[in-house]
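Q: Chain Z is already provided as a structure; the job is to place chain P on it using the hints.
In case you want the letters, here they are:
Protein chains: 2
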Amino acid sequence: MIMNKKNINIGIVGLGQIGSRLYKEILSKKNDIKIKTGTNVTITGISAKNINKKRSFKFNKKIFFKNALEISKKKNIDIVFELIGHSDGISKKVIEHALKNKKHVITANKAIIAKHGDYLSLLAEKNKVNLEFEASVGGGIPILRTIKNGLSTNKINKVVGILNGTCNYIISEMESSQDSFSNVLKRAQLLGYAEPRNPKFDLNGQDSLSKVRILSALAFNKKISKNNCLMDGIEGIEIEDIRIANKLNYKIKLLGITEIINNKLFERVHPTLIKKSNYIANINGVMNAIIIDGKPVGQTILQGEGAGPGPTSSALMSDLLSVLRGNIKYPFGSPYNKRKKISFFDINQYLNSFYLRLEVKDKRGVLSSISKIFAKNKISIKNLIQNPDKKNKKSSVTIITHENSEKNYRNLIKNLSSNKFIIKKTNFYKNREE
Amino acid sequence: MIMNKKNINIGIVGLGQIGSRLYKEILSKKNDIKIKTGTNVTITGISAKNINKKRSFKFNKKIFFKNALEISKKKNIDIVFELIGHSDGISKKVIEHALKNKKHVITANKAIIAKHGDYLSLLAEKNKVNLEFEASVGGGIPILRTIKNGLSTNKINKVVGILNGTCNYIISEMESSQDSFSNVLKRAQLLGYAEPRNPKFDLNGQDSLSKVRILSALAFNKKISKNNCLMDGIEGIEIEDIRIANKLNYKIKLLGITEIINNKLFERVHPTLIKKSNYIANINGVMNAIIIDGKPVGQTILQGEGAGPGPTSSALMSDLLSVLRGNIKYPFGSPYNKRKKISFFDINQYLNSFYLRLEVKDKRGVLSSISKIFAKNKISIKNLIQNPDKKNKKSSVTIITHENSEKNYRNLIKNLSSNKFIIKKTNFYKNREE
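Taken in order, these protein sequences are the chains called Z and P. Quick note on numbering: this note's numbering labels position 59 of the first sequence as 59, and the sequence is numbered without any gaps. Converting from the second sequence to this note's numbering requires adding 1000 to each position, the first position being numbered 1.
It should be emphasised that the hints constitute simulated quantities derived from the structure, not laboratory data. Check the hints yourself; a few may be wrong.
In silico DSS-like cross-links for lysine-lysine, where the CA-CA straight-line distance does not exceed 25 Å [unchecked claim]:
| id | chain 1 | residue 1 | chain 2 | residue 2 |
| --- | --- | --- | --- | --- |
| 1 | Z | 247 | P | 1275 |
| 2 | Z | 424 | Z | 200 |
| 3 | P | 1338 | Z | 6 |
| 4 | P | 1338 | Z | 34 |
These numbers come from a predicted model, not from an experiment.
One chain only, chain Z, in its complex shape (with noise of 0.2 Å):
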């Protein structure tokens, strides 16, 4: 009753973790899928680097195909899977001809939707085919089908997440076990947490900023931003600012958040103390967790495992069988000529309470010297505790400033990295007092 076509042709772009957790999903769940979609799907077409590496899997080596660019291309194949996950290249390649050809598209790659994702986006719709990318945010949580289906017409003014499971998880097991970043980051590399090779993206704050730019475009039906955001990385981080966060009551985490102020869009990722009593300071490990604001909904919460190959591909098919169900669905859940800019939030009038960790020289004068600077960029101060390490001659002085404007704490920062008792790089953090 709900099909087009009895039969579905699949092909599969990238057989890593994602695309062989993929391919094997979709061969067990072939007769649920035929229940709920009415359908028959069949897998004809895959392509990996290397034909001859091992797999847990056995495939008919006929549907293999060494050329990506072969699947979108081939005739007898309906949709087209894209993981290899590049922001550009072969990925942009295979997705641009799949959707040229008629074919639909469903991808899990965050870094190509959030930078040509309007342009993709136009391409299937002037196609008349699916583009598909539930998998790209938050893992397995249905965060994108939420907004565009489950809250559909609220007036959405603020998204907050934690997006990144590999920061979460860092931080989460640098707070658990008392240990430095670098330990911990080489654990999580051995679990399969962070990339063995480059982690940066994940590190630095590029994975979730991603993630944010595309919520922010479902969110606020709006065009994806390209502006520069304000983003910041969770590599600064010692565990001496956990241990202190965590004696002031905070809790240190790497948040996402997107909102409109002023009908401008302001996006950001960067750590943030957040009070322990609060719903988001408690999600530990690898755990993604979103919370919306919308009218008239009120507050909707989401949280659940935002990476790794049983929810990324519970993601995958949840886009299977959407595109499945049949009808033809705009990605960004508007047109694309009716989703518009929106100019961008000015940065440095952005207002926050600030965290700063200071190591200094432990000579006479230092705290007046500092708190000369802080009052030459009118920064009032809220709490300070200092620590200090007789032995090595120095202190830490920990800071939190009552609320004052972004452009001021760059200032401050730029004259404290000057300031000839500091020892040491300033840690700095936002301070989300709700």
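A: Same frame as chain Z, but now just chain P:
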């Protein structure tokens, strides 16, 4: 690009708080609906008991029908909202006639879906129209859509939730104000959180059980169960229970639970002691929260406002857009004839640890007499706290047991009720250790 029909007419049956809010919501979101679905929607029929009742909006009296059934018969109506809320009678007739006349139906009515959902879904499938009921469970939380679409091919084995905002408000408020059940109920009624005339179905667990039955059918792809369930409400909870639980590091929550144990369905609703560190113990006020365990996705949590015109109209609008996006969906995700009956878990075999509070005479031999009853039923005691009330010559005895079967507990309660030392009926809750 999406719709078959460019102009869609809507009828609304029931103009209480929910219906009125929906009426205004549809009018104010006409343009948004047009953008997202390409459809012009017009409300061409409304029905309520009294045309002259004072309302917060004006309407053309020509579209008012005193007889609700006229809406289901009218030619120029494509979609009918049923918002009366009875489990039978006029609600059933309105939905039946609308489906038979090939109109899509959207309802917020959990009672009718829990009772007649299978029959009505078959009727919808036969007539190739949609029957949507997102608002029937979890208020504004898009929980049904999440199970049907977001987690579509996951193997779900358990769903646990706080499903009734009225009960959760009352329990939370008893704790924070240290006030009695009856006083807090009165306040809840004044605030509109509890039915002013007959709050019974919220308080006795029936409302939560209806929601549990809908969740089971969707989560496990089964027919709606008709079996007797373990159902207990919050009417018996005393402030003393909340205080003692608090001292023991527990919160009391009314949970709705459905799970598969050895291929059998076990549905239940009961007040439950939950460790304070547990996520769901910290859901307060009118909030709802639902935890889904699925494979391969892992654990997914959804939280949001569970009732009220805002959240409910959000869910109704998501149903409307789902219908307008065009294709016909199975109301329960799978076709009627593929949803099998499932055999029911024997409640007597259910193992749990229990909390009991007895009020006993302050006499010699009491504890020994009570202990004997526990021993006779093979139930061993984990914690016993005695609180003497010398002035009134009585004593409160709180007992937490080791795990045992429901059958043994029922016998225990029966035996305790005939004990000469016990002054009043025993308060008795499940103790979920997770």
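Q: Evaluate each hint against the coordinates.
A: Each hint tested on the structure:
1. 247(Z) with 1275(P): 24 Å, holds
2. 424(Z) with 200(Z): Roughly 22 Å between the alpha carbons, so the hint for residue 424(Z) and residue 200(Z) holds.
3. 1338(P) with 6(Z): 18 Å, holds
4. 1338(P) with 34(Z): It holds: about 11 Å lies between the C-alpha atoms, which stays within 25 Å.
In summary, this structure violates none of the numbered hints.
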